[in-house]
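Starting from the structure of chain A, add chain B where the hints point.
Spelled out from the first residue to the last, the chains are:
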Amino acid sequence: DAGVIQSPRHEVTEMGQEVTLRCKPISGHNSLFWYRQTMMRGLELLIYFNNNVPIDDSGMPEDRFSAKMPNASFSTLKIQPSEPRDSAVYFCASSFWQTEQYFGPGTRLTVT
Amino acid sequence: KQEVTQIPAALSVPEGENLVLNCSFTDSAIYNLQWFRQDPGKGLTSLLLIQSSQREQTSGRLNASLDKSSGRSTLYIAASQPGDSATYLCAVPNRDDKIIFGKGTRLHILP
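Top to bottom, those sequences are chains A and B. With the working numbering, letter number 83 in the first sequence gets 83, and the count goes up by one each step, no holes. With the working numbering, letter number 61 in the second sequence gets 61, and the count goes up by one each step, no holes.
The following block holds chain A by itself, in its conformation from the complex:
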């Protein structure tokens, strides 16, 4: 397996633009997690899905953020409109229930 796949790896956009981050979990995993990493706040859980259903989105910073998982092999995290303070590295991770979470390589987002 190729592991968790995220795209794009780097994204530079202007304030106010819509940003869509993509994640393909490891085949067979039924839990998917979106995290955000910044130097000041460390790694923060944004939202996670079990069997494609959002379970806990309390970490989503505000209404500008939304996440979907239309099927077991794909998820998106959308920011609309983007702001400079959204600049961070966004990680997707997947697991099979209670087992170890496998992280993707991350998407480095820069909003100017």
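The set of hints was computed from the structure by calculation and includes no laboratory data. Each hint should be verified, as a subset may be incorrect.
Examples of chain B residues toward chain A, derived with CB under 8 Å [said to hold, decoys possible]:
id, residue
1, G71
2, A91
3, P93
Computed from a prediction, not measured in an experiment: that's the story for all the values here. Glycine included, every Cβ here is placed at the ideal spot set by N, Cα and C.
Then chain B, alone, in the frame of chain A:
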């Protein structure tokens, strides 16, 4: 190459006892270290974040220390409770945007 080690791998203690979890890392050029709690079927919950310029952080019954020069961090849990049972992970971010996790300590608090 950064490596993170956590000792012990598993720990069982009676309720009410204080305990210490250990984390060591090989590359001291870190800008922060983070402790997480993992409960079955859930995302990682951040417990404490220590910046490289700090020596310790406290949150309630939890206290985390950082000694960059020796490559060590400890998580101290006071007056343990059954609800503290979980897997505890420490992690450091790498220079190339990777997060390096230890394998965790599975903690079981005996009622």
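### Task
Would you pick out the hints that fail for this structure and give their numbers low to high?
1
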